[in-house]
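Undergrad: Please build the complete structure, drawing on both the sequences and the hints.
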Amino acid sequence: MALTITCPICGKRNGYEFRFGGEEKGPRPVEKDLTPQSWCDYVHMNNCVAGVQEEWWFHKDGCGSWFSIYRDTTTNYEVEKMEVANNEQA
Amino acid sequence: MNRLNALPTLQIDPSRKISFIYRNKQYYGVEGDTVATALYSNGIRIFARSLKYHRPRGIYSLDGECSNTCMEVDGIPNVRCENTLLKDGMIVKEQNVVGSLENDRMSFIDKIDWMMPAGFYYSTMHKPAKIWPIAMKQIRKVAGLGVLSPEFKMTGKYDEIFPTADVCVIGGGPAGMSAALEASDKGLRVILLESRSVLGGFFEYRSHEYKEGQSYHDRAKELSAQVEGAEKIRVFTNASMIGTYNNNLVTGFQIGGKNDSFDERYMEIRAISVIVATGCIERPLLFENNERPGIMQMGCALRMAHTYGLVPGDTAVFSIGHDLGIETAICLHDLGVKIACVADIRKSGQASKLVAQLTERNIPFLTGWVATKAHGKKHIKKVTLATLEGRQPTNYDCDLLVASAGLTPLTSGITVAKGTVKYDGHTGCFLPDKMPAKMYAAGRIMGFDDALSIESSGRLAGCRAALDCEACSTTELSDAKNQLDGLPDPAAGCKLVIAPVEGRKSFICFDEDTTIKNINQAIEKGFDVPELIKRFTSAGTGPGQGGIPGHNLPLYVAKYQGMSDVSIRSTNVRPPVIPTLIATYAGSNHSMFKRTPMDEMQRNDGGIFRNIGVWQRARYFSSDLSCKNEIENVRSNVGILDGSTLGKFRIFGPDAVKALERVFVSDISKIKEGRIKYSAMCNDDGCVIDDGVLIKQGENDYYFTTSTGRAGSTIEWIRYHTRYDDWDFHMVNLTDSMGVINLSGPNARKVLEKIVDIDMSNTAFGFSEYKEFQLDSTIPVRCMRLGFVGELSYELHVPSSYMKTVWLMLGEAGKEYNIQNFGVEAQNVLRMEKCHIILGQESEQRTNLLDVGLGFLWNRNKTEAKTVGAVALRQAENDQTRLKLVAFKMENKGRAPRDGALIVDKKVRGYICTARDSFTLKEGVGMALVEGDLSKNGTRLEIYEDECGDDRIYGEVVPMPLYDPKGIRMKM
Ligand SMILES: [Zn+2]
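These protein sequence lines map, in sequence, to chains E and H. In this text, residue positions in the first sequence follow my numbering: the first is 1, and each later residue adds one. In this text, residue positions in the second sequence follow my numbering: the first is 1, and each later residue adds one.
No lab work stands behind these hints: they were computed from the structure. From the three backbone atoms N, C-alpha and C, an ideal C-beta is built for every residue, glycine too. No false leads were slipped in.
Some residues of chain H that are not near chain E, with every Cβ distance over 12 Å (derived):
no. : residue
1   : R140
2   : I281
3   : V781
4   : W807
5   : G894
6   : I953
When the alpha-carbon atoms are kept at most 20 Å apart in a straight line, the in silico EDC-like pairs for lysine to aspartate or glutamate are as follows:
no. : chain 1 : residue 1 : chain 2 : residue 2
7   : H       : K893      : H       : E923
8   : H       : K438      : E       : E80
9   : H       : K907      : H       : D933
10  : H       : K438      : E       : D72
11  : E       : K32       : H       : E877
12  : E       : K25       : H       : D684
13  : H       : K866      : E       : D41
14  : E       : K12       : H       : E470
15  : E       : K32       : H       : D684
16  : H       : K889      : H       : E945
17  : H       : K658      : H       : D701
18  : H       : K418      : E       : E78
TA: The following block contains the structure:
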């Protein structure tokens, strides 16, 4: 409820306006060599990071776009992409 | 009781009487009264009986910090009367008593308190385990305060608002007002919350001198006039903060006054920065019988007189630890109260001006003395005072004891947002330590005692908040800082933890009847942290939300354990920090449903409407809910149905086909113009989520329908599953701008031909084909030949604005055939007989495309498309354990089972999706999802209905479809 999300089109808005779209897991894998296990992992398994993760959001009560943000799951604060990159380097 | 009526500080209007009922008798208060002050003015002194021991309780804080004045008001139990504004006709009742508040027959429990040590229930009632159910019944009889009548219905208007501001200031005292003014002077939009009905806080009710020739009260009025005159400050009075969160969200609720459109409203305020200026409450003094009626806090006694015009006693004794106590004694003396003694816990540090005023008035003044015991059964009669070491105990007769250890900051606004507080040895208080981002403290909450420092800290906080909003220069900020630095620092506070007593009847928590003795017992059992002791003894878990024990509990635990100051840990506060009605959270119940363009006309035709998803739809057209006439009319003649709730979309652009192939299981590239393609969508588990038809309108331009329930999330779904692909396509949701008319029955063609000027013959416009034409050379129609109900059928997609016209044209044309409306229920039966599924009825969350027999839609060769669901479908293809959709008919022409009835043998083997007594087939039929081995034709199904006991009904699996197996009728 206290969450705010920054939509690339509409700016920082109340979290109520958005729908969560899950963790960033990369594009859909090529179907050919998928096993039930690896497919299930792609669809259902999550890292559930306690910390910063990249995740998808949909601006349902706004412009209707999907985009990803970085959010600290322990504080619910959005994190700038730059900060994430810097921390990973350090 | 006569009111003082000449004080400038009064917030009541004694000339305007308000009547209310208490114990079935009529009483009167005056405008501005709370329920508690109105009762007090009528001589009521006992307001409640305590939770466990049924001890008498009276007015203590006036701010709802304990349950002492909890009563039943207008059927709502546990209302804190001391901060509930009196309204005309209120019905007030006592609670938690056997007999009356004056003579509660349960009060004997107070004498057997030794039987109930801390953790009594936890440690006794479970051995042997058999005892618990019996014990529980007995405990439930006596536990709790108020009782909610099962017949009670909440009345009143509840609303909600979600305002935004640059700066939100919590607390409308001198610091909060100064902060708000500072921020608004810098051009910012400010929201100011004040829980009382007037601004002014700690200044508002005081008549002492703020500066030469101006009282605190006058200063409060001066500031509040400025605030009310400031255009950019939006003031909410009677508005309590109940929670603060990160990203500077503040929640609260406001109580409406006479002229407001709501009784209470929930507030959710989003600001760029937040200032917490909630000030202080008082720290209760711990001594024997410290909660007898007649004992009250300093601010309470002063506000009783100054705000409500009520003299709180005839003869008063003061046992206090703050200058406000001395000030109160002087004020009450001047209002005619006899002050027997003022005993200050502090040995030094009092303002000399105040001490001089005591001397002038010949009021006995002791320093280093404290109350140790209150006497009197139902109301205080005398008090024992002693030195801090417990020597020279001396009794004083009195009917009012003002008792307070001093002030303590109300920090919940900070800690709930995950800020921290730290014990400060100088003031003896928990002061704000680490603040959440863009949140600032101001005023007395920071320990300031000096009036100018308080205001100055407010202005500084206002500057800091303005800096966050980029509306303040660093010079302005440092000026504000320097100004505060030049003013007095926080004063030393009273650090007495407990009077020199053993503590059997010294209450640390009034709500839960927790005594010092209970705390000792908990510590001796090994609980060492205040937060755990709070849990074990339940101190601080009552309606006051820790207001009374919040400060004393950690102090006492530290003292008992001989800890140093630095390691004193406060207990946690959680939202809602002020008890809030569930009704306030719920807000008002808006009935928000969409209506189709045909809504009014169908209602005029006798349609019976139901809420279906986000829509209101005509479900029946007669009181015969089996819809016999509607069904038979479609099967033998022609019926008309409003299908406007269907999801309708256009998708176009170079990559439109790719996007459709991603989400639909079929091969979209093969759709030919003029033909209709029925297809379905799955999720990544292969479970079928939607079905609909697609038509090709032009190159890379498609029109498709979805089920009513999925219309709202279709665009989201398609965009989600193509979010990595950077494809070039666009979608338009036409659900509301297009209406749909379904014309079905053997006479449908004859009706339609009359208004259409193209060839409608079966060879020119066959089943599963699509045509566009205009009616009257004006109205564009997309017409599809479908067969959902199993008859000759046309679906007309028409712009919403033309819907009524087309409907009327068809009605006119169909007159000679006696065309009739049919509703959603008739359609449901018709399509069920044809075994056409409705997703959500013939499927549940785990049902995949193959289970419902739609596998033929799936094109398994388009792996490049990465179709959503394809991988899982391939993996599920040979799974024999899945439920399968079957048709069945009842044995021996028996009645159809209810939807949702279970298929059983020794265990549950499936369930009935839809079943009806079919007028067409003249028997009970339906569809069911059953385990694979029950899906063969001829299998006997044993059906269990709710509450059927040992009775079962039986059906038999038969081939699909049940009606017109060769599909002649829809193709004729
Ligand atoms: Zn947006």
